[in-house]
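Asks: If you want the building blocks of each chain, they are given just below.
2 protein chains.
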Amino acid sequence: MGKKLTKRNEDYSKWYNELVVGADLAENSGVRGCMVIKPYGYAIWEKMQAGLDKLFKDTGHENAYFPLFIPKSYLSKEAAHVEGFAKECAVVTHYRLKNAEDGSGIVVDPDAKLEEELIVRPTSETIIWDTYRKWIQSYRDLPLLINQWANVVRWEMRTRLFLRTAEFLWQEGHTAHATEKEAIEEAEQMMNVYAEFAEEHMAVPVIKGLKTESERFAGAIETYCIEALMQDGKALQAGTSHFLGQNFAKAFDVKFANKEGKQEHVWATSWGVSTRLMGALIMTHSDDNGLVLPPKLAPIQVVIVPIYKGEEQLGTISDSVKPLLKELRSKGISVKFDNRDTHKPGFKFNEYELKGVPVRLAIGQRDLANGTYEVARRDTLEKETVPANEVVSKIEFLLEDIQKNIFKKANTYTQDNITEVNSYEEFKEVLEAKGGFISAHWDGTIASENKIKEETKATIRCIPIDAKEEEGSCIISGEKSSKRVLFAKAY
Amino acid sequence: MGKKLTKRNEDYSKWYNELVVGADLAENSGVRGCMVIKPYGYAIWEKMQAGLDKLFKDTGHENAYFPLFIPKSYLSKEAAHVEGFAKECAVVTHYRLKNAEDGSGIVVDPDAKLEEELIVRPTSETIIWDTYRKWIQSYRDLPLLINQWANVVRWEMRTRLFLRTAEFLWQEGHTAHATEKEAIEEAEQMMNVYAEFAEEHMAVPVIKGLKTESERFAGAIETYCIEALMQDGKALQAGTSHFLGQNFAKAFDVKFANKEGKQEHVWATSWGVSTRLMGALIMTHSDDNGLVLPPKLAPIQVVIVPIYKGEEQLGTISDSVKPLLKELRSKGISVKFDNRDTHKPGFKFNEYELKGVPVRLAIGQRDLANGTYEVARRDTLEKETVPANEVVSKIEFLLEDIQKNIFKKANTYTQDNITEVNSYEEFKEVLEAKGGFISAHWDGTIASENKIKEETKATIRCIPIDAKEEEGSCIISGEKSSKRVLFAKAY
Chain A
1 MGKKLTKRNE
11 DYSKWYNELV
21 VGADLAENSG
31 VRGCMVIKPY
41 GYAIWEKMQA
51 GLDKLFKDTG
61 HENAYFPLFI
71 PKSYLSKEAA
81 HVEGFAKECA
91 VVTHYRLKNA
101 EDGSGIVVDP
111 DAKLEEELIV
121 RPTSETIIWD
131 TYRKWIQSYR
141 DLPLLINQWA
151 NVVRWEMRTR
161 LFLRTAEFLW
171 QEGHTAHATE
181 KEAIEEAEQM
191 MNVYAEFAEE
201 HMAVPVIKGL
211 KTESERFAGA
221 IETYCIEALM
231 QDGKALQAGT
241 SHFLGQNFAK
251 AFDVKFANKE
261 GKQEHVWATS
271 WGVSTRLMGA
281 LIMTHSDDNG
291 LVLPPKLAPI
301 QVVIVPIYKG
311 EEQLGTISDS
321 VKPLLKELRS
331 KGISVKFDNR
341 DTHKPGFKFN
351 EYELKGVPVR
361 LAIGQRDLAN
371 GTYEVARRDT
381 LEKETVPANE
391 VVSKIEFLLE
401 DIQKNIFKKA
411 NTYTQDNITE
421 VNSYEEFKEV
431 LEAKGGFISA
441 HWDGTIASEN
451 KIKEETKATI
461 RCIPIDAKEE
471 EGSCIISGEK
481 SSKRVLFAKA
491 Y
Chain B
1 MGKKLTKRNE
11 DYSKWYNELV
21 VGADLAENSG
31 VRGCMVIKPY
41 GYAIWEKMQA
51 GLDKLFKDTG
61 HENAYFPLFI
71 PKSYLSKEAA
81 HVEGFAKECA
91 VVTHYRLKNA
101 EDGSGIVVDP
111 DAKLEEELIV
121 RPTSETIIWD
131 TYRKWIQSYR
141 DLPLLINQWA
151 NVVRWEMRTR
161 LFLRTAEFLW
171 QEGHTAHATE
181 KEAIEEAEQM
191 MNVYAEFAEE
201 HMAVPVIKGL
211 KTESERFAGA
221 IETYCIEALM
231 QDGKALQAGT
241 SHFLGQNFAK
251 AFDVKFANKE
261 GKQEHVWATS
271 WGVSTRLMGA
281 LIMTHSDDNG
291 LVLPPKLAPI
301 QVVIVPIYKG
311 EEQLGTISDS
321 VKPLLKELRS
331 KGISVKFDNR
341 DTHKPGFKFN
351 EYELKGVPVR
361 LAIGQRDLAN
371 GTYEVARRDT
381 LEKETVPANE
391 VVSKIEFLLE
401 DIQKNIFKKA
411 NTYTQDNITE
421 VNSYEEFKEV
431 LEAKGGFISA
441 HWDGTIASEN
451 KIKEETKATI
461 RCIPIDAKEE
471 EGSCIISGEK
481 SSKRVLFAKA
491 Y
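Sequences listed follow chains A and B, in order.
First residue of the first sequence: 1, per full-length UniProt numbering; consecutive thereafter.
First residue of the second sequence: 1, per full-length UniProt numbering; consecutive thereafter.
Keep in mind the hints are simulated off the structure, nothing from the lab.
One or more of the hints may lead you astray.
Identical chains blur together in the list; that is why a pair holds if it fits in one copy or across any two.
[Said to hold, decoys possible] Here are the simulated lysine-lysine pairs, BS3-like style, with alpha carbons at most 30 Å apart:
1. Lys14 to Lys134
2. Lys296 to Lys47
3. Lys309 to Lys134
4. Lys348 to Lys208
5. Lys468 to Lys453
6. Lys208 to Lys394
7. Lys336 to Lys47
8. Lys77 to Lys98
9. Lys47 to Lys181
10. Lys296 to Lys57
11. Lys181 to Lys394
12. Lys409 to Lys428
13. Lys383 to Lys480
14. Lys3 to Lys255
15. Lys4 to Lys483
16. Lys383 to Lys54
17. Lys468 to Lys331
18. Lys296 to Lys480
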């Protein structure tokens, strides 16, 4: 607190880092690449978890828990999968420490070496499909619709709070189906669930699409994704849902007897979102004054700041505020009355602006005399004076309106920053000048995709689900193309 | 299913293992000592989490998240702590796998050795106190009341589902206070919160007490605990709350400026319960037919089994049950209508008995004609016929009554199995004949405690909080004692 944030247009990346720390969301820990999620940040994550968990359960999924560790040999069973994850695995090799014989302190006990090394899960397909082999015998056991809330570890060389950390929190769904069609429908359904959550809870507009072959999950036949556009014109992959075909069923020998009694391999999906969503949330809405939170995810939806001199005035204000606190709480609105005498109102105003509290009420002597509150909304920073008997309905209106307004604003920004181009020159100009999503024709080859990536750092974020059939030619090769794809620089 | 459980009086341990697997609670995984918590077991754990989380928040705590990994050097900073945990730590030494040069598959990359080994957290005092040093400067930052829901790893040689696993799920509270008195009050408060949860949610009666020096948490000044008695006469430690004094504040140099501006070390507590509570829950109430669950924690509180021949009869029953389902759900009662045509009613009755569903309704043609349901309660296995228009109030009554009744039953059992003895002979006789808690005088020395442990395998479970002052002499040394302590064999 105290110090102002760097402005977004000065240094977006610095603004983000200062905001995450300044708003008490998270900080780096003493362990390389691992973050501490602070109580205020974790309270937002808890609201996200609750929202997602309900959507998962409403679509028939149950939660379960699988081991943190994966034997090295499991990871190797699916060729593409091990290729994708081996280079970023934390490996447990020993199970004991002991006092060094030379008295220099605690060392790893060489006698406690594991026969087979254990990987700290980077994702759980392998350990889960090893388990599903025991759970699935017949078509009656299908579909199996399971989700896990867990921590995972991917050893990243360059880390950033929430966006890329060695350890992160996430959920991973792992489902098993009798038919290919059903598995594809599940993967599509979960992409839609993620999009619904992003737009309706986080107020973050997203584009639904398919990943290209080179951007697919290691082991997937098809990866569905939701992509969001940040205020600096870079895209952020906010969630992925994979159709895994029979790859893991074959690797782990998971078969079922179909209705005719014939043995078949099971069809699979997996899907996940992580604490990375916190990054998307922060970067989509926040401004140079701090966080802007959607009311549905704000740990504190309303804060009331008393303006007073001395104990007596504070007492009078407290008494007059009490019924309001009670009424708001009875309506399920989370409200904080900040009566700390260690900080001035101005300091508190800045603090709650920085922390993105959607609605702020102030009440001083004049308000008390007039029977009013000063009501400020965080998204537009507008203030107005509201009679005390109208303040509850005003707050209810604002909580809904802020949720809608910040979505609308972000959506307008996203739509305004999807640019159609028809040549590579134009592509590079737009990428340089404004960034955002660039909609262009592509010939479907990895070679063209890679060339663009090497020369411009832009990647194909997705082939939009709603892309229209359209004759065109690839901006790089000139070959025929029937659809536009979305390019962008990405987090 | 199908196969009957081993009876408790034949082989209690086998009964437990069969029950945990048979009721779909958990199973062993392919990873040594790590369990898979299955959806039905996890649903119970989720209800436990929700209940505990509310009690923590109601007492002013917030959740946060700290890293999974702890640098080896952190663990070493508190002498008693490293002594207690070093021998059971999983150690990460490398961060990458690679293809073996001889083509034999994937191996640990020797070039990816960590400079400092990382421990997978066995508990988080060290990483958290390293963080608190940055969070605490002044008395205004205190108390700091934080809880974490997480997985931890302790390399156990002999493991048992829920009771002792290498990885387990838990919560760990870590609080920081300005004064010794306040920290002790916090540790006591959390013991009371745990006792309240155990008794009121789990219906598991517990004894609150203090651990002896040799049973204390590694690094604690005082360990408070709740102890429960299982049906085989063995005790189970269900939760612990530690007063840590200034040990961790000193080890991690965490000081605060008091109101006079003087620097002081912070006072600490930590407290935790784990998936071990699942073991306590299972063993306290269940019988030879399977699980008995307290209604407050049952994922399915009521199951309705239709008894029918053919689609048409099922249709009629379904129609007549629909309004009941709706009414129960509107009251927040979780109800399942099991209309599977792949299993007979008798099979379903056994399945829900095994899974401990508190209330079972059956409805067949005669009930339909008479406007009744057959209502069975899981705890006593009593059945009665109830008019349809009274069935909701009957269910509401049963859910409350079962919760009370199973607590009462377990409490009577516990009280009946606390035996006062006044000689070592008597002690050994009672331990052999009936087990349970044995209340005896002890001289307060580790020597006497160890001798009894070596000779009988019984340990001091706790010095009860409500132990009366009473003149006596130690059963083993004959030395003077002023209080009885509780001995038992334990899980």
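Asks: If the cut is 30 Å between Cα atoms, do Lys336 and Lys47 qualify within a copy, between copies, both or neither?
Replies: both (17 Å within a copy, 28 Å between copies)
Asks: Reference check for the pair Lys77 and Lys98, CA-CA at most 30 Å: within, between, both, or neither?
Replies: Between copies only: 14 Å across, 34 Å inside.
Asks: How would you label the pair Lys409, Lys428 (within, between, both, or neither) given a Cα cut-off of 30 Å?
Replies: Cα proximity of Lys409 and Lys428: one copy only (27 Å, versus 76 Å across).
Asks: For Lys296 vs Lys57, is the C-alpha pair at or below 30 Å within one copy, between two copies, both, or neither?
Replies: both (19 Å within a copy, 20 Å between copies)
Asks: Evaluate Lys47 and Lys181 at a C-alpha cut-off of 30 Å and name the case that applies: within, between, both or neither.
Replies: neither (33 Å within a copy, 35 Å between copies)
Asks: Have a look at Lys208 and Lys394 and pick one of within, between, both or neither, based on CA distance no larger than 30 Å.
Replies: neither (35 Å within a copy, 50 Å between copies)
Asks: Under a CA distance limit of 30 Å, which applies to Lys181 and Lys394: within one copy, between copies, both, or neither?
Replies: neither (49 Å within a copy, 45 Å between copies)
Asks: At most 30 Å between C-alpha atoms: does Lys383 with Lys54 qualify within a copy, between copies, both, or neither?
Replies: neither (35 Å within a copy, 35 Å between copies)
Asks: At most 30 Å between C-alpha atoms: does Lys296 with Lys47 qualify within a copy, between copies, both, or neither?
Replies: Both, since 8 Å and 23 Å are each at most 30 Å.
Asks: How would you label the pair Lys468, Lys331 (within, between, both, or neither) given a Cα cut-off of 30 Å?
Replies: So Lys468 and Lys331 fail the 30 Å test inside a copy (45 Å) and across (48 Å) alike.
Asks: At most 30 Å between C-alpha atoms: does Lys309 with Lys134 qualify within a copy, between copies, both, or neither?
Replies: Result: close neither inside a copy nor across copies, 70 Å intra and 33 Å inter.
Asks: Under a CA distance limit of 30 Å, which applies to Lys4 and Lys483: within one copy, between copies, both, or neither?
Replies: neither (46 Å within a copy, 61 Å between copies)
The structure shown violates the earlier hints numbered 3, 4, 6, 9, 11, 13, 15, 16, 17 and 18.
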